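Line order of the protein sequences matches chains A and B. Read in order, the letters of the first sequence correspond to residues 1 to 319 in this note's numbering. Read in order, the letters of the second sequence correspond to residues 1 to 414 in this note's numbering.
Some hints here could point you the wrong way.
In silico DSSO-like links for lysine-lysine, alpha-carbon gap of 30 Å or less [unchecked claim]:
1. A:128 - B:123
2. B:24 - A:125
3. A:212 - B:409
4. B:24 - A:212
5. B:25 - A:131
6. A:131 - B:409
7. A:212 - B:25
8. A:125 - B:30
9. A:128 - B:25
10. B:30 - A:131
11. A:128 - B:24
12. B:148 - A:125
13. A:35 - A:58
14. A:125 - B:409
15. A:128 - B:409
Derived from the structure by calculation, the hints contain no laboratory data. Quantities reported herein were computed from a predicted structural model and do not represent experimental measurements.
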Amino acid sequence: MHKSVAVDKVTSESLGITQNNLFRNNKRWSETIIKAVLTLAGIVSIFTTIGIVYELGKESLLFFSLPGVTLKEFLTGTVWQPVIGKFGVLPLVTSTMITSLFAMLVAIPLGLGAAIFLSEYAADKTRKVLKPILEILAGIPTVVYGYFALTFMTPLLRGIFGQENVEIYNMLSAGLVMGIMILPLISSMSEDALHAVPRSLRDAALGLGATKLETSIQVVFPAALSGIISAVILGISRAVGETMIVAIAAGSGPNFTFNPLKAAETMTGYIARISGGDLSYDTPDYNSIFAIGLLLFLVTLVLNMISRHISRKYREVYE
Amino acid sequence: MKNPLNLVSTTTYGRDLNLEQRQKKATIWKALFRLSTLVGVVALAILIISIVNQAFGLVAIEDTNDRNDFISTSIKEVTKTELIQLIETNLSTNRVRTLDREEPLVERSRHDLMALVETEVFKQRIVDSYSLFGSIFTPNTFRDQVAKKHPEAIVEFKSWFTPQFLQESMSKTPELAGIRTALFGSLFLILITISVAFPLGVSAAIYLEEYARQNTWLSRVIQTNIDNLAGVPSIIYGILGLTIFVRAFEPITSGRLFGYEGANGRTILAAGLTMALLILPILITNAQEAIRAVPNSLRQASYGLGATQWQTIWYHVLPYALPGILTGTILAISRALGETAPLIIVGAATYITKDPSGLFSNFTAIPIQIYNWTTRPQQEFRNIAAVAILVLMFMLLSMNAVAILWRNKIQNKR
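All chains should be modelled from the sequences, with the hints used to inform the complete structure.
Right under this line is the structure:
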């Protein structure tokens, strides 16, 4: 041991590496700088989060320090009229929940049905054609979906339920179109999860005499459940945060109603409308969009974290 | 998980089900699964058709000025010199000069002059419009309706998409309005977004994939953070852009620091930076995947030859990963191109007729124009909104097609 070290020393000195060492040190120095720069680029994303939390928090505090605004009233009040000092966020929350509910009523069954079909039933060729088509659906800008809701879905609903029952702007139309928008997200994520289930499980079930349906629903589906649930939760988070469809088709003006055929503004719709006009800074209106933004941010953040937690923790791992 | 053995003797659907019934059930459900996939495809088709449906169709045109005050016969019988005379006497000298400069009136075709007289002298305006399918299948409904409401009007077929639509800027009259300013705004915005987000995103991805393999606490925090940011609604980014780029950095984003007489921070620079933050998580994730796909043997060979870590990354990892990174970048850009909500919050102007001239100019973008036109009550604005959507979708689809073809080409090569 001792001997070999000594030999190393001799050879390296005799090869004149001392001079090279200087060069190499130089290089290490530049390597360090590069690494530092790259690390900084990564840290920018942390600053983004800090920026979001700080700004939303700061302005929300200003909002809650306004005379007449209390956290209790904010969370339980059923009237949102900043002009007359009524700050109850419930009308905005209920309409967000109603549009999201209808979106999920469309997106979950259709998305899962499509995922099962593509993963379990469709021939490879069919899958190669259908999957990109659904992906196109995912790439369409939301403002286009908003246009679609207003110019196609709303007239259709008014034709079905009667002009007098359905308002020009209504939550149902926005919710249904939002469901179409979220469908590809759920189908593609669930399909990935189903696809990852090993073939041997299917073969075993089929070998035991199960039909294809029984194999898909009772063996493959439960095995992929964590991925599917996380897809659904991500879909809900998308629906809650979606802005343009509801801003165009769900109506402007908060309305505390559970009737999906009526117009009611969602949280995102409110933020878009208030900031879309000539917004003057540091007014109750201005501060209020931050309080609502903070609520929105927290809800979507929690949903996303649950989604990722489920997909990681409960994933069935196969060899 | 349930015991699959269950399936054979008894099913969870009930003990009495025999094989025939089980298979019948399987067929029904198979049809349902197929149906739900079809619904998605049909929805896409309906969406595209309903937009095309609004982009073409019958229109009713009426003169604002009574043409009998100007000519006594049909316009088709008016000679070319008389047409020029009509233009010169009835339009302001400035307008005549502008027209002359574009192309001398004398050299213009008769058809061109007739169109000029109709739009500028008689001030023809579209007073009503009809959908494409309505125009094909029930044109008479529209004709009757027009005859009742606008007895003077003529009904003709119009494509709302015209070359002028791409060349003209905003106007209060739908048929004269165009998308030029918005098109330039969108392109400029993308340019700013990408020149900020691309270097930042790729650097962060390199850090996470190449340097942070040791799994330090910092890299874990960054990774979790990026995953979380990817799920933040775009409108929240708009709020962030409003407070940081529009308000806090106002001296910079309005250009005042550099001697520009900017009015406020609601400039294309502020919007571009906001968009950059928005697409950063997507870009990083895509770039990470591309870098992760680089075979480890490549790195080891490079290290074996004595290269440093950065040399390995720069000369071997990045060139190999670049096509994948670029494909991911294109997909991220297409997200930014269609994004509307953050732009509304950051304060894109809805009525603006000047092309963006620099980093500190006010701007509008195609999605903003679509939103603005869609929310107006007049049907004609919906028609041009449909055309703007077609333009936007064409841009998006061609970008995505390039990305997909590129990806396939690379995959085939390897």
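We went through each hint and held it up to the structure:
no.	hint	result
1	A:128 - B:123	violated, 53 Å
2	B:24 - A:125	holds, 26 Å
3	A:212 - B:409	violated, 36 Å
4	B:24 - A:212	holds, 11 Å
5	B:25 - A:131	holds, 26 Å
6	A:131 - B:409	holds, 19 Å
7	A:212 - B:25	holds, 10 Å
8	A:125 - B:30	holds, 18 Å
9	A:128 - B:25	holds, 27 Å
10	B:30 - A:131	holds, 18 Å
11	A:128 - B:24	holds, 28 Å
12	B:148 - A:125	violated, 55 Å
13	A:35 - A:58	violated, 34 Å
14	A:125 - B:409	holds, 19 Å
15	A:128 - B:409	holds, 17 Å
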